[in-house]
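Each of the two chains sits in its own frame; use the hints to bring them together as a complex.
Residue numbers (this note's numbering), protein chains in the order written: chain B, 1 to 290; chain L, 291 to 651.
Pair by pair, the computed Cβ-Cβ distance ranges are:
hint	chain 1	residue 1	chain 2	residue 2	range
1	B	ARG176	L	GLN481	35 to 45 Å
2	L	ALA305	B	TRP162	37 to 47 Å
3	B	TRP162	L	GLY360	57 to 67 Å
4	L	SER447	B	TRP162	49 to 59 Å
Don't read these hints as lab results, they were simulated from the structure.
C-beta: ideal position from N, C-alpha, C; glycine also.
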Amino acid sequence: MDKRPYDNKAWLLVLPVFLIVAISAIIPLMTVVNYSVQDVLGPFQRVFVGTEWFEQVLNDGRLHGAFLRQLVFSGCVLLIQIPLGIAVALAMPIKGWQSSLCLVLVALPLLIPWNVVGTIWQLYARPDIGLAGVAVNNLGIPYNYTSSAFDAWLTVLIMDVWHWTPLVILCYAGLRSIPEAFYQAAKIDGASAWAVFRYIQLPKMRRVLTIAILLRFMDSFMIYTEPFVLTGGGPGNATTFLSQFLAQIAVGQFDLGPAAAFSLIYFLVILLLSWVFYTYITHTDREDAR
Amino acid sequence: MARIELRGLAHSYSAKPKGDADYALKRMDHVWHDGGAYALLGPSGCGKTTLLNIISGLLIPSEGQVLFDGMDVTRLAPQQRNIAQVFQFPVIYDTMSVFDNLAFPLRNRRVGEAEVRARVEEVADMLELTGELGRRARGLTADAKQKISLGRGLVRSDVAAILFDEPLTVIDPQLKWLLRRKLKQIHERFQLSLIYVTHDQNEALTFAQQVVVMSEGSVMQLGTPQELFEKPAHTFVGYFIGSPGMNFLPCRYEGGAAMVDDLRIPLARSVLEHTPRRGVPLEIGIRPEHLRVGANRANGALPAEIAMVEDLGNFKIVTAKLGRHTLKAKLPEDDPVPGDHGWLTFPPDRTRLYADGRLVA
Numbered sequence: 001m002d003k004r005p006y007d008n009k010a011w012l013l014v015l016p017v018f019l020i021v022a023i024s025a026i027i028p029l030m031t032v033v034n035y036s037v038q039d040v041l042g043p044f045q046r047v048f049v050g051t052e053w054f055e056q057v058l059n060d061g062r063l064h065g066a067f068l069r070q071l072v073f074s075g076c077v078l079l080i081q082i083p084l085g086i087a088v089a090l091a092m093p094i095k096g097w098q099s100s101l102c103l104v105l106v107a108l109p110l111l112i113p114w115n116v117v118g119t120i121w122q123l124y125a126r127p128d129i130g131l132a133g134v135a136v137n138n139l140g141i142p143y144n145y146t147s148s149a150f151d152a153w154l155t156v157l158i159m160d161v162w163h164w165t166p167l168v169i170l171c172y173a174g175l176r177s178i179p180e181a182f183y184q185a186a187k188i189d190g191a192s193a194w195a196v197f198r199y200i201q202l203p204k205m206r207r208v209l210t211i212a213i214l215l216r217f218m219d220s221f222m223i224y225t226e227p228f229v230l231t232g233g234g235p236g237n238a239t240t241f242l243s244q245f246l247a248q249i250a251v252g253q254f255d256l257g258p259a260a261a262f263s264l265i266y267f268l269v270i271l272l273l274s275w276v277f278y279t280y281i282t283h284t285d286r287e288d289a290r
Numbered sequence: 291m292a293r294i295e296l297r298g299l300a301h302s303y304s305a306k307p308k309g310d311a312d313y314a315l316k317r318m319d320h321v322w323h324d325g326g327a328y329a330l331l332g333p334s335g336c337g338k339t340t341l342l343n344i345i346s347g348l349l350i351p352s353e354g355q356v357l358f359d360g361m362d363v364t365r366l367a368p369q370q371r372n373i374a375q376v377f378q379f380p381v382i383y384d385t386m387s388v389f390d391n392l393a394f395p396l397r398n399r400r401v402g403e404a405e406v407r408a409r410v411e412e413v414a415d416m417l418e419l420t421g422e423l424g425r426r427a428r429g430l431t432a433d434a435k436q437k438i439s440l441g442r443g444l445v446r447s448d449v450a451a452i453l454f455d456e457p458l459t460v461i462d463p464q465l466k467w468l469l470r471r472k473l474k475q476i477h478e479r480f481q482l483s484l485i486y487v488t489h490d491q492n493e494a495l496t497f498a499q500q501v502v503v504m505s506e507g508s509v510m511q512l513g514t515p516q517e518l519f520e521k522p523a524h525t526f527v528g529y530f531i532g533s534p535g536m537n538f539l540p541c542r543y544e545g546g547a548a549m550v551d552d553l554r555i556p557l558a559r560s561v562l563e564h565t566p567r568r569g570v571p572l573e574i575g576i577r578p579e580h581l582r583v584g585a586n587r588a589n590g591a592l593p594a595e596i597a598m599v600e601d602l603g604n605f606k607i608v609t610a611k612l613g614r615h616t617l618k619a620k621l622p623e624d625d626p627v628p629g630d631h632g633w634l635t636f637p638p639d640r641t642r643l644y645a646d647g648r649l650v651a
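So that you can see chain L by itself, here it is in the shape it has in the complex (with noise of 0.2 Å):
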């Protein structure tokens, strides 16, 4: 178990990095605590990966150190600093049986036969995995191998952190809620230092006490489900986390109040006090669960066009143009939803103020 820290890390995989853009991690210093689990949310190709290679030492960042509990490790090999890594397809050792799959890490460090038996038998009670130790690892399922690739990092009473890239993208859909749930036992029940890479959400804002949002080699956010939710540092995190994400209209700003075009959207007092730059572009974001629409006039609400409804079941998402903009609002499923014309309220405490993308309050 270690705090990981990450202190002026950047990454290139080319030789000669010459601008911002070829840089596959850009700088970044974070201190992740021990025994969290955290999950690495963004788009493919955003560098989450890269980032995870580096903590588990199958890469070696071009600028910047890595540090486990204040030890730099930024040139260790992985085996040398007690990591495990379950990657996105399963590894296992066609050969061999699940048994000497899972005690295969500690042979190879040489622990003595009866703790190997007794550390393999707790891990196989734990993953379900007891009436399989005997046969062979080669026929099995996608789950059960994945299971097996997690085994192998548990079997390590050593391990200071367990890192996943994208464990569940081969296993079934309905096989991946029980697979999610294990591992969260297994995070309750040994406080292990968890980091997961996803591009899906779901299982990042479920699985992560904390999440880090990357896009394009950079951290965009680091903080709990909620705290993405309610309060995105980006307007990237915005509309990346949410379904549907959050919507943004440019503004103006004027007298304590948001410009959309003519119409005016107040602004909470907390917003008002962190009076942005001049000359920067504006944008006020909401979420869609946050947007109400009603069906008659009601004080400081704006005029707009419904142009869809869609129910989903347990909500119903609705599409209004105001003006030349088109934002979404979910409503649960009881909600009366107006006909072609409604009227939208910006709650002021739940409107964001956005600066060239960044949240001013």
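The following block holds chain B by itself, in its conformation from the complex (with noise of 0.2 Å):
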């Protein structure tokens, strides 16, 4: 039997925090919904659809081709800046202030604002007058992002590694925490450098990795703000992806309707998808631990 004293008075205690959520959270959530299954005529007229709004959207061409680039977008990002934070971690120096110094200009890029990122790419790409873009043009390969799609896409792409990559470089935590030990005795065990990396450096990394792997997922998936200020989302739709896509339906063809439903869609894919990599994360992790 359970002896504690139970006194109902208790819930009290939790209801600061539920109404902090309620208010952040869930009335926004709620409306959401709200809207995902009416037709709003005006301010005091609206009609109950029921799945409407859901089934439009998800026979939308325009939905499938977003959410395609959206996929291949999250992995080339995942592609390039897992394997490449890493490279750039392992070079980097262990110890003394040259260490402290690297992690310092590796990670300035993380404390710029994303639509300063946006903006800087913008200029620094622009064919005409910017550094990249007319250097780039010198050495006679035809660049401009603004009318090539594979140039867009190359220059997001870039932006993105550029701004992001430092945040995998943080696994180097990991790396300076392994003892000259570990690598005296694998030389002397005769391990090649690449059993040295596989055995040592990834397991003392693996943690930081994860978390890094899903964050980079998430937000990659959910970019917004530097493909807008850099290309708009074009040219065409080349670089127009979900976010940028909902920001249309909602913001500029004011389909409160659609855009609802489609906030829930996007909302699920991505809860769903970092629920399937944090299980298998952590699955891994628990086989590990036995």
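Spelled out as structure tokens, the structure:
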């Protein structure tokens, strides 16, 4: 028997948190749910439409395009940034003031606001006055991110790599905690550089890498500001990702119903993918602990 | 298995050493025999780990050569010189099973999988790890992890010597002697050369056939535990080995005896044959175990005050004051201890003479 005192008044202690969560998350979310099943005709005129908006949005070819672009983009981001981040972390000095200096320099892009990053690259890559854009064109390689879809993609990807690879580099903290004796023992055991990485360095970086992968996936899947500032989603729809597509429906066309339906789908997709990632990673973690 | 030879070996961590003080290891020449169990003993910072890392190849000495069986290996990398090393903190590969940990050095050397299995099982059996082979190495206790690091050295059939860098530091006291006994068994069975670094004299004296006592980058004495005890080559060795350490008294040399202030302490004939040079500071040294304490005046005994008696179970430590000098004596449990005053006897064949810190005879 549980002999601890039982008092319903204790629920009052949860009330402040409940209020904050209700105002900040639940009520806004419910209004979105509300919009998603109604057709709002005017301030006091609305009709219940059931799943009509969901059906319309799911059958929208533009959404399919944006979704596919989004998957390819997030995939590229992970494929480039994770190995690159690990490589940079391995190349950084382990001890002394050089290591602190490196860390600060490498982390600088993380401190720059998203839209500033977009503006920086927008100017930097301009083919008429931007340093990078002019330089590339002078090398004889035609480059213009406002007219070529490939160039626009390349620019958005490079910008994201520049901005967010430092987050992956933080796995470097794990490297610093490896005692010298491990490297010495590996030498004596005749381990190759790959074996040292695979069996000594990678296990120490795993925890931070796990979080980095999760964050990089979610952030890249929700990317909005930088491509919006840089390319505005163009040329055409080439760099229109899910968030921007959503903004076009909601703010551009003011189609509140479809926008709300799409928001919910978007939210559920991110939740689902993150959950899959998370369970997979914690599962292998537990396997390791055995 | 190999004979290890150090020729004119010296090491400094600074690129341009100016004086003696810049050397972590001062010039030395030694030959260590094949199959011997050697202990490098000394206080922290005396250079013993530096010497060990030079032998294993983790460090390249700034001067001199290291030879294994007459072959110069000074500049060979650790993996090329057939050496195994066990570190102070157990090094295991976390994500691998115990089996894979033990197999790692063999697989890196592209040994066939059948032989790997045979070797690993043999070593696991010897180290009593057979039951753990299938599990991950991560959750094991410190002593099991240390056994695995030792096992990674033993699986290789080509190992010339196994080096230990204070391997028992993180092991629980009651497990220490088990592991130490295991080491002795392995040494007897395989006749491998073992070199064992420690600052714990008990560990060194019980483990090794030969003990190398180091201080400030120099080898003070290389000898059997008995030699170190009976004839310390240097006052440092006398003081460092033994508990409590050897007693030393400054003295003059006069007509066949040592004069401590105005007290006359007779010396053995073997000592008298080596008259020390004049103008060198002299000391006599005697082990607390050899100093006799009596209640009654005996022939040649010196009067002393008994300052303190510590009873440590199976023996007693007596602190005595001889004039302005303090001496310690170690007496068997049953020996009577005089009250405030007693008489000290220095047996001449146990009393050593040191000139400038070095043993005269």
